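Visitor: For reference, the chains in residue letters:
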Amino acid sequence: MTDDQDHIAVKVESLSRKFGDFVAVDRISLEVKKGDIFGFLGPNGAGKSTTIRMLCGLLIPTAGQGTVGGYDINTRSEEIKKIIGYMSQRFSLYDDLTVEENINFFSGIYNVPQARKPARKQWVLEMAGLGDSRSALTRTLPGGYKQRLALGCAILHEPSILFLDEPTSGVDPLSRRGFWKLIYEMSKAGTTVFVTTHYMDEADYCDRLALIYRGSIIAEGTPGELRRKHMTADVLEIETENVVTAMDALGRSGIETAIFGSVLHATVGSAREDIPRLKKLLADAGIEVNRIEKIVPSLEDVFVTLIEQS
Amino acid sequence: MIQDTFERINQMVLKEFIQIFRDKRMKAIVFVIPLLQTMVFGYAVTMDVNHIPTAVYDVDRSYESRELVRRLTAPGYFDVLYRPGSPDELRDLLDRSKITFALQIDRGFSADLKRRIPTSVQVLVDGTDSNTGIVALDYANRIILKFQRDLSATRPAPAVRIDLRQRAWYNPELKSKNYNVPGVIAMVIMLTSLLLTSMAVVREREIGTMEQLMVTPLRPAELILGKTIPFAIIAFFDMVLVTVFGVLVFDIPINGSLALLPLSTAIYLLSILGIGLVISTVAKTQQQALMSTFLFYMPAVLLSGFMFPIENMPEVFQYMTYLNPLRYFLVIIRGLFLKGNGMSILWPQMAALLVIGVAVISFSALRFRKRLG
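As they're listed, the protein sequences go chains D and Y. The opening position of the first sequence corresponds to residue 1 in my numbering, with each subsequent residue numbered one higher. The opening position of the second sequence corresponds to residue 1001 in my numbering, with each subsequent residue numbered one higher.
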């Protein structure tokens, strides 16, 4: 291993996976630095889960190579399994075991040293906020608690790399925010986090992102880079009493618009030239504009643009 | 390293027991089904023919006819429930299944006997249940022959007379419970182990924990052991349960060495647990696992010699029984309980079971690992 590779937690080179004739993952390459939160984004069926399952040793790649924690994914999956944690959207806990029994089981399966078991159990109970319900059956827990317990059980052995496959799907927004806070803390403590999601608003939590679409990576970089590199058009936010009439008026002039709550977003070539033009258009239509200004495009805007381009 | 392996298997076994004893259905499979089956086969499923519902249509109404009826009913095989007044009435009783057996003694029976000329009585039997019918006819035949012989005894004895002395070895009273209850042990072990193994694996796949297990350091071989050891222990428990129940409640004799029972059970379990694993690779839901289990279980019981003798089956089916582990285990277990057989007699069955067991468990382990990959 060279010094350079010491900083790399996950490295993949032209990795492919086919199911029959269907190419789920098509020669993707990526690198994840140690301690980073790496977001793997894309619509459903793009190949996110297939990739993560190959990295965790659940699926054998059809072609290509890669390493996780320095171990070859094609030959050393037994070693990989000892240093990773994995949690999927299904929160795979035993519903008919109690909170404590689930923790005991997974710390045994992960061979947590006997002396560390009590401390780890305590940590998980506190982290999940389940200190008072340790003997509750897991099936009786609300979704958010189940999700945290599942995460706790997946990291009992303090893995250096954590794989999360759509960890927040089906969880309420408040729990989602709390969950990301946890992820953030773990990353600060040195854990590498590889997370897939199709919630674009979650992408901003990540240090680096890769966008996968139809089995191929179509963009990669930090959230800031992606915004700068791929969003050439400007987005204007327009505040007015009559959003729908404004949208019709701009639409007649061929300007692309979308309603975001009580405001209107318009995609234009250049903010400086187009703001006066739009003001005039709306005034001519008899619409009063309270505010019109250029805004930072959301990652959702970026990805919609990227997918339309590809 | 090896301690880590033991720890992981231990955790699996522990978890499996917690789950079984928390689940009502599973508890029923472990405790209720074995006792229920023993009860059913000990009490209800009897092939002994007793208390046959009988009608007597005695037109002769003589001392001799009454004596014949008395002899027919005395041993308890036939219960005279009806005395119809006409042949039509008799037919009606048979039609309505009120009786299975009828004796008709026509006028002139005693007169013929007194004149020492050949005479006849009519015996009718409901042949829908052919087994009972044959046995009933045989009883009646013997009783009537004895009656004839006793009547002849007043005359000079015939020149040659062969006296038949019957004795049934191993089961002197020919009780079918003695034959059935040891067989129940074999069936119960098969049913509980198949159901528990296949359902436990499929359940994990259904709820997604199987995938979670596969990203832990738990190896496939450890998973297989973790999924079979608990059910093997339960199978042994059920074996003891049915044996104790059979001995205490049904007086089943144990004539052979008890030590051979756990040994042969262990060999038998190799095949059964293996088949359970194979079912778990085929079935996607617990319902499917249940259906597949019975799809295997029913023919396995029918083609084992448990109820129907293998020698009576068509040749093709006879060959098929050689693949059936239940066939061998039944011979072993009946030999152990009733005949007092030891290893010197039972070793071919043991060897056959071992060969089938090793083949099945190896195949299933391979298939199971492949399915995980």
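Since the hints were made in silico from the structure, they are not lab data. Predicted model only: the values in this text are computed from it and were never measured. Do not take every clue at face value.
Chain D is faced by these chain Y residues, among others (derived, beta-carbon under 7 Å) [unchecked claim]:
hint, residue
1, 1008
2, 1015
3, 1019
4, 1218
For every residue, glycine included, the Cβ atom is placed at its ideal position computed from N, Cα and C.
Visitor: Hint by hint, say whether it matches the structure.
Guide: Each hint, compared with the structure:
no.	hint	in the structure
1	1008	6 Å, holds
2	1015	5 Å, holds
3	1019	6 Å, holds
4	1218	5 Å, holds
Figure legend: structure checked against the earlier numbered hints; every hint is met.
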